[in-house]
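Work out the full structure, taking the sequences as your base and the hints as a guide.
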Amino acid sequence: METQPYRYEAIFSLGHNCQVAAQLKRNGLRRQAGPWDWFNFASTADFCGMIRRRLEGFMQLEHLEIYGKSVNTYYVRDRQSTCLSFHDFKNTPDQPPLHDYAEFRERLDRRIARFNDCLASGQSVLLVRIIQHQQDAEAIYASIHETYANPHISMLFILHGEDSDIVELPSFAEDARLVRIPKGRTWEGDTEAWAAILSKIRLA
Numbered sequence: 001m002e003t004q005p006y007r008y009e010a011i012f013s014l015g016h017n018c019q020v021a022a023q024l025k026r027n028g029l030r031r032q033a034g035p036w037d038w039f040n041f042a043s044t045a046d047f048c049g050m051i052r053r054r055l056e057g058f059m060q061l062e063h064l065e066i067y068g069k070s071v072n073t074y075y076v077r078d079r080q081s082t083c084l085s086f087h088d089f090k091n092t093p094d095q096p097p098l099h100d101y102a103e104f105r106e107r108l109d110r111r112i113a114r115f116n117d118c119l120a121s122g123q124s125v126l127l128v129r130i131i132q133h134q135q136d137a138e139a140i141y142a143s144i145h146e147t148y149a150n151p152h153i154s155m156l157f158i159l160h161g162e163d164s165d166i167v168e169l170p171s172f173a174e175d176a177r178l179v180r181i182p183k184g185r186t187w188e189g190d191t192e193a194w195a196a197i198l199s200k201i202r203l204a
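Residue numbers (our numbering): 1 to 204.
Every clue listed holds true.
Distance ranges between label pairs, derived from CB positions: (1) Q123 - P93: 36 to 46 Å; (2) G68 - R110: 25 to 35 Å; (3) P97 - D175: 36 to 46 Å; (4) D46 - K69: 18 to 28 Å; (5) H99 - I166: 38 to 48 Å.
Computed list of lysine to aspartate or glutamate pairs in EDC-like fashion (alpha-carbon distance at most 16 Å, straight line): (6) K200 - E9; (7) K90 - E103; (8) K183 - E162; (9) K25 - E192; (10) K183 - E168; (11) K25 - E188; (12) K183 - D165; (13) K69 - D88; (14) K90 - D100; (15) K25 - D190; (16) K90 - E65.
Please keep in mind that the hints were generated in silico from the structure rather than gathered at the bench. Cβ coordinates follow ideal geometry from the N, Cα and C atoms, glycine included.
What follows is the structure, given as structure tokens:
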């Protein structure tokens, strides 16, 4: 018998990097932008700390430092959270670095409010994050449920493996799913594997 799709009123990327948001968008599951979409936030401990603060103080101007640049953008680190931005701040030759911070701040504040409001509501929500170790999933799961009262939050954690198979891993909670997939050859990951694991997920 064919499994019925899982339906959610909202789906957000919890990041690690921008692969999650890109694959949600590719598979028609990114209806709205979230605060974590395009950042690189590899530290689980720092990420959980920012979750528990409901993103208060996240990416504030006084905590930002530039540590590199490309032709188009500056690479910016938030010293408080260790989060990295590669896409948000334009490298415009006749403008000082971070000249577009006010525009960035307004956009990020909207996304933070949207995320916090949704997770404080009664909506059915799916959160998706790439993790490096299975214990990261438990830490993130705890930080979300200790911070937000919504009982209808589910989580999908993705680990990257060297093999070509998609492997469903044992989970520690009914509303958390852990899947190991091939890591792929580009920053977007393995598109076919992502399509397979997202194929039974729908936006209500």
